[in-house]
Amino acid sequence: MAKTLDKVDVVTVGVGWMGGIIAAECAKAGLKVRGLERGKPRGTEDYLMVHDEYRYAIRYELMQDLSKETITFRNHRKMRALPMRQLGSFLLGEGLGGAGTHWNGHTFRFLPYDFQIKTMTEKKYGKNKLSKDYLLQDWGVTYDELEPYFDKYEKTTGISGENTNPFAGKRSSEFPTPPMKKTPILKKFENAATSLGYHPYMLPSANLSEVYENPDGQTIGACQYCGFCERFGCEYGAKTSPEITVVPTAMKTGNFDITFHANVVEVLKSGNKVTGVRYVDTQSGEEFIQPAEVVVLTSYVMNNAKLLMVSKIGEQYNPDTGRGTLGKNYGYQILPTVTGFFNEQMNVFMGAGALGMTIDDFNGDSFDHSDLDFIHGASISITQTGYRPIQINPVPPETPAWGSDFKKASIENYTRMLSIGGQGASMPHKENFMSLDPDYRDAYGVPLLQLTYNFTEQDRNMHKYLTDRIAEIMKEMGAKTVVPGNPISDYDIVPYQTTHNTGGTIMGTDPANSVVNTYLQHWDAENLFVVGAGNFPHNGGYNPTGTIGALAYRTAEAILKYSKNGGSLV
Amino acid sequence: MANEQKGVSRRDFLKTTGIATGALVGGGLIGGLVGYNVNKDGVQTKGGTQNAENHDTTSVKGLMFFTKRADFNILSQAVERIFPEDDLGPGAIGLGVPYFIDNQLAGNYGSNAREYMQGPFFAGEATQGYQSRLTRAEIFRQGIAMMEDEAQKRYQKGFTELDGGQMDEILTSIQKNEVEMKGVSSEFFFRLLRQATLEGAYADPIYNGNTNMDGWRMKGFPGHQMAYINVIEEEKFQKIEPKSISSMQH
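Chains L and A, in that order, give the protein sequences.
1 is the number of the first residue of the first sequence in the working numbering; add one for each residue after it.
1001 is the number of the first residue of the second sequence in the working numbering; add one for each residue after it.
Please keep in mind that the hints were generated in silico from the structure rather than gathered at the bench.
On a predicted model such as this, the values are computed, not experimentally measured, just so you know.
Among the hints, a few may not be true.
Lysine to aspartate or glutamate pairs mimicking EDC-like chemistry, simulated, CA-CA at most 16 Å apart [stated by the list, open to error]: (1) L:Lys187 to A:Asp1087; (2) L:Lys182 to A:Glu1235; (3) L:Lys181 to A:Glu1234; (4) A:Lys1182 to A:Glu1235; (5) L:Lys408 to A:Glu1235; (6) L:Lys182 to A:Glu1233; (7) A:Lys1239 to L:Glu412; (8) L:Lys182 to A:Glu1234.
Label-pair distances were calculated between CB atoms; the ranges are [said to hold, decoys possible]: (9) L:Val494 to A:Leu1088: 26 to 36 Å; (10) L:Glu398 to A:Gln1195: 17 to 27 Å; (11) L:Ser131 to A:Tyr1155: 57 to 67 Å; (12) A:Ala1126 to L:Ser270: 29 to 39 Å.
Just so you know, even glycine gets a beta-carbon here, dropped at the ideal spot from N, CA and C.
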């Protein structure tokens, strides 16, 4: 029998960016908050010996232990879904800080277009720009309404950037810290993009250009450009992460504690409210019930959706009928990439996760789509994240994959290769969704989440168009050989692509087509909030963390209001 | 210290990170600094021959996984074909790659400890990835036996007695999925073997490959360096003597 613990005001399931933000804001306002984290505690002191590519980038030291839980995957409904036995396409986080520990730190604000995508697309291009299989919808909140929360997240995290992007939404204040260093590699891109008439700007970075104290009194260090950022933690405390900002902020109030090794397996619901959660202590195997006035799901996209499904909260999406909202609008990201081989050697091994320059000339609706067979686009960036030798073995086309020629070419080109990539938007399609797997279970006996996903026509068309544009930039940069990425066909879960999964618990203004309202409050349980990129009705042309940070701050405010007044917030 | 040669003292370095100003960056880092052989003035107090806690760091290589020397020798010859010695520098054998792979097979890597290994098992589509019921250790064991079988079948000789071209022929067949294996495709085994070879050539030498950091030296990768903040704006390519994470002193 599960042991029932004392009730708390707020319980968060997972303590990464989302859990940390909710905890900090609620604890500061005097609510008693408990974070349930299935991983272990960790922090800057754990990263002193982190410059180890094999351990962290190849064997995924900081990521989810899939022997306990994974997902199953199929490209379409006629395929048998099978477990993702190894990490690949995306890297799920686990432990204090979650994926916020091993992120790169690219911190964008989605475009005003993103939040009103349906309205704006139909207004400009008519109702039939995309077929009815694309489940496009407005988010129910505008950029202007979210602006104060973007501002707040950027101030908490100290983002380094420059306000020169002509396509960005209006900002109420400048970036908290100046942009990072503009290196020779970045300048190559800047010069090429400028000469083609585009508008390059320094990528907004959570690897900070200088030491910064945030409004909560937390200090973030200055980036040393060591080249070990994504997939690693930062030994300088210079990559903003939950463990050095919102978590200690919540802790110092005395109103927040974290239970580690606590894997939540069910959200408990009674009538139109939830009463708490049931979790397994992964060390002892004991079960506990944690009652709470407010339950906030703040784990990753997949697990948030899965917990609602196993707890039977909300109606599962059915692609045959279009009924149900839970699991619908799964989105990913479309990644056009071009590689260039240069004559000169460059300092590619130096860098930082979010050291880069970007253009938005082909993002959102910055360019006319009247004659194009897709909508939206991508931010296009060059990044200098630090090439490491196991992962980076670039060879020109026609080079064998092993043997003497491979060795020579991969060594020669390691310091002579650059790539430019787009973070392309992903439009929701009726056949791309999440559900519960009928066959496979996790280590606690709970069904695995099942992902049904493939690239669609819109994705392929966008990918092709943007690859051509990126190749032009690479050529302008002076590459002696320009190698455009292959056109995309079927989504493959094996090679790493991006950890920007979205949807499944989407937000909106109508319970008929969304899981939560615009305050991320569940339509079927007023004291249940679901927070994360799962709320995105589609994925935009940027990295998602800035936008989910803003949504989380808006939700934290809503939870405080709910705690006082109760009831639906809309 | 490469950074001191470039005129950056550790004190300056600490200052730029905010650590010397007394700011507790992220908690525990100052404690870490003191614990890692840096005195109050931020000056390094020990050389790199011993690690932070004065453990003797003498390294001896040995077999943890393979029981028959002959199997280890087949692995060694195969990885040397994938990453051969040439005028640029050592190949896989010279870099200790076979020991790296042996040692990895004896641990979490070999037993797929952090991967989902529950059934039922089905072959699946290529887009669904690894679906074998076999662990990497089992795949390597079977793969090496298969290479020996192929050598005997094709040339009536052991794999290690073949000339390089004959070995390449067998490896190419394996790569092209022309050789039968149980519970896994030979193509998959080849990908695993190739990837493990690159890992052994370029992982930090603490894993018993990349001997003398020569893999990094060939490639121009400086390994673990504290910071590039003072050189990252240089146009000129920076040749920096590599360092292992075992030298970590900050």
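Quick rundown of the hints versus the structure:
no.	hint	verdict
1	L:Lys187 to A:Asp1087	35 Å, violated
2	L:Lys182 to A:Glu1235	11 Å, holds
3	L:Lys181 to A:Glu1234	11 Å, holds
4	A:Lys1182 to A:Glu1235	53 Å, violated
5	L:Lys408 to A:Glu1235	24 Å, violated
6	L:Lys182 to A:Glu1233	7 Å, holds
7	A:Lys1239 to L:Glu412	14 Å, holds
8	L:Lys182 to A:Glu1234	11 Å, holds
9	L:Val494 to A:Leu1088: 26 to 36 Å	30 Å, holds
10	L:Glu398 to A:Gln1195: 17 to 27 Å	21 Å, holds
11	L:Ser131 to A:Tyr1155: 57 to 67 Å	59 Å, holds
12	A:Ala1126 to L:Ser270: 29 to 39 Å	46 Å, violated
Violation of the numbered hints given earlier is confined to hints 1, 4, 5, 12; the remaining hints are satisfied by the structure.
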